[in-house]
Structure formats: structure tokens, C-alpha cells
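I would like the entire structure built from these sequences, with the hints used as guidance.
Protein chains in written order, with our numbering: chain A, 1 to 160; chain B, 161 to 416.
If you are wondering where the hints come from, they were derived from the structure by calculation, not from laboratory data. All the pointers check out, no bait thrown in.
Quick partial rundown of chain B residues pointing at chain A, CB under 8 angstroms, derived from the structure:
id	residue
1	E165
2	A174
3	K186
Beta carbons: idealized from backbone N, C-alpha and C, even for Gly.
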Amino acid sequence: MREEQEVNGAIDRYADTVRRLCMVHLKNREDTEDIFQNVFLKYALSSVDFQSAEHEKAWIIRVTINACRDLLRSFFRSRTVPMEESSSLAALEPETRDVLEAVLALPEKYKNVIYLHYYEGYPAAEIGRILGKNTNTVYTLLDRGRKLLKEKLGGEEVGE
Amino acid sequence: MRKLENKLRSAFDAVQAEEGLKAGTKDFLHQRLYAGRSKTRAVPKRLAACFVTVFLCVSGYFSYFTPVAAVSIDINPSLELAVNRFDRVIDVTGYNADGQALAEELSLRHMYYEDAVNAVMENEMVAACLAAGEVLEITVAGKSETRTAEMERCLSACNHVTEEQIHCADHWNDLESAHQAGLSLGKYRAYLEAREENPELTLEEVQDMTMRELHELSECSDKETYGQGAGWGQQTEGAGQGGHGGTKGHGKHHQE
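As C-alpha cells, this is what we get:
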């Protein structure tokens, strides 16, 4: 088990990343809190020896995405959670809110690749490793996701 | 950078983990993993201490209540003391009516065996039997020869007891054989001695006989066969209180 100081340091470093992934997938604060506790508990108990900060971040992202996926698969939660996340976007700038709502409106399968590529800057091959998908599949998802975003955001130019 | 890519980046930048969320997560992990750390370490220690205590209690109990020696006191009352490794009497069994009465009358449990033997010897019924010419025999059986020899030495220092009246069983197993026959160790030894000369002698007859009567049986036969080497071993006729104390065979003296 990792020392408390090390775990707190990881929370400070990766809390924003985990929060953004939660925002992309989840719809209320309680679920986000659950994911935070779940992810950093796994981190604290994990014996993985991270070779670099990038390795550690990729591990956090993969665990967070898996935790969100598991939560969304929950039959009970899928029918009981209130829709809060959209309302929380109301506090943001209108342009920012529009972009995030466009991302949230994407089908689940495109959200991760869009976030990982356009925000975290991962190349398709690395995204494939994190998500356990074929690189060509990632390219396809990126291409389709980008087109969907273009449609929603009025045909803005999007690069690879 | 293209325009939408910048928009995505700046939009996600606006999403940050709230301080309360981070603090809540840290607090959760502290409570779950670290606050109870000293407690979780203390639990196995406490558990181990409990196990050790229970083990010591159980092993102490068994050490105390496991007999490692027996002292059989036979006159007419036939009494047997079970002795533990701490030289304490842990059980008293009367093998005839007088023996049972004596066991009930005297509170010998947890006494040192020497004190217990002294208490028996000081008893009025025993004193009356000895005064009436009955024969006293004290027989010792132990799981180790060293203990048996030491007990024999200590018992010879008891009141009204002479070395000649003390006998040692050859084997600890003799005790079990005696109990299976329904006799104390000393009486069983005397029975075996008498039976060599009187093969028709039965356990039922012996149970009601005094030690003097048993020795008289042996002595009568001895007189007939004396000099023919038919004894059990060394002969100490006439020795000891009451003029008896034959110690032929099925037992041995540990001479100091």
C-alpha cells in the first residue's frame, strides 16, 4: 500500500483529469465522488511501479474510464440517478458550455477518444493502448466523432 | 492549432476538480486506510496476546491436572493419590469403603503429596488400624524413574512411615492394570504377589481383604516354599511397622 503523502500528491496532480472524465461520462456529483474514491483507493492499494509520470497518468485515466464504464453499466444507477451535470454547466461561459454540451451529446464510444486526443494530446496508438482498442478503430472513432462535433458546433475546422 | 481544437481545450480547462471533492477524497482514504492503521496493527497484537494467554491457560490447566505419579496407601483403607508434575495431589480415589470414607473425610486435593500422606497417617482410623496390627504399604508409580526415586525418598521421611513400607512400581502401566482390576496400585501389587502362591485367589476376594491378610496368604505359602527360590525378589519379612512389609517382586526399592 502506498503512503498517504504519495496518494495525496496523486490526488493533487490528477484530480482535474479524473474530474473531466467524470464530467464527460457521469451526470451527478455523487457518482463523481464515488469514482474519485474508487480510483484513488485503487491507486493507494496498487503495487504498480510507475516508470514515469506519463505511465502513471495513463494508468489513472484507464482506471477512471473503467470505473465510469462499470458505474454506467449498473442497472440500478442507470434508472435512478438525476440529471445534474448539464445544470452544472450553466455556470460556465456560454461558448465553453456549448462546446462541453456538444461533447456530452456525443455517443459514449466517441467521448473518450475525443477527450484523450484533443485535450490530453494522446496520439491514436496511445489511445488504443489506454482503451484497449485497435489503433485503426481509434482513427475511425476520432474521424466520426470529429464530424459529429462539426455538425453540432456549426462546421468549425478541426485538425488531426 | 485549429479553432475547434482550441475551443475543446479551453472548454475542458474550465472543468476542474473542486477543492471539496479533493479534500473529501483525501479524507475518505485517510479514514479508510491510514487512520485505522495503528488500530489494524494493534488488532493482530491483541489477538496474538489473547491466543498466548489462552494457550498458557490451557497448557497450564493440562500441566496441572495431568497426573505424572501416583501414591497408593493401603492398610485396610485403600487410597490412591494422583500427583501432578508440581507434586500436588490432583485426585484422591478410595478403592474400598474405608478408603472412600477416608477420601471424603480428608481434604487432600491440591496438597503436596508428602503433606497428604502425613494427613492420612495422622488420621484416627488409620492410626487405629496400625495399632491393631494391620500392615501399611505405600506404593509409588511415576512416569519417570527419577521422579519415582525422589518421591520414595521424600515419603520415607513422612510420619510413621519407614523405608521398608514404601515400594515402587516397575512401570507406569502397572497403574492402569491395577485400575482395570478395580484395585489400588499397592493392593494390586500385593494381589499379584499372593496369587503366585495362591493361583486360585480372585480379585473379588482380594477387594475385601486387608493388606495384612494378603501378606499372611503370601507368608503361609512362603513358609511352605521357603528356600526354594519361589519368591518375587528380595525378602524383607518382619520388616516395617506391624511386622509386615514383604516386598517380593512386582516392585522395587530405590535405595539411596
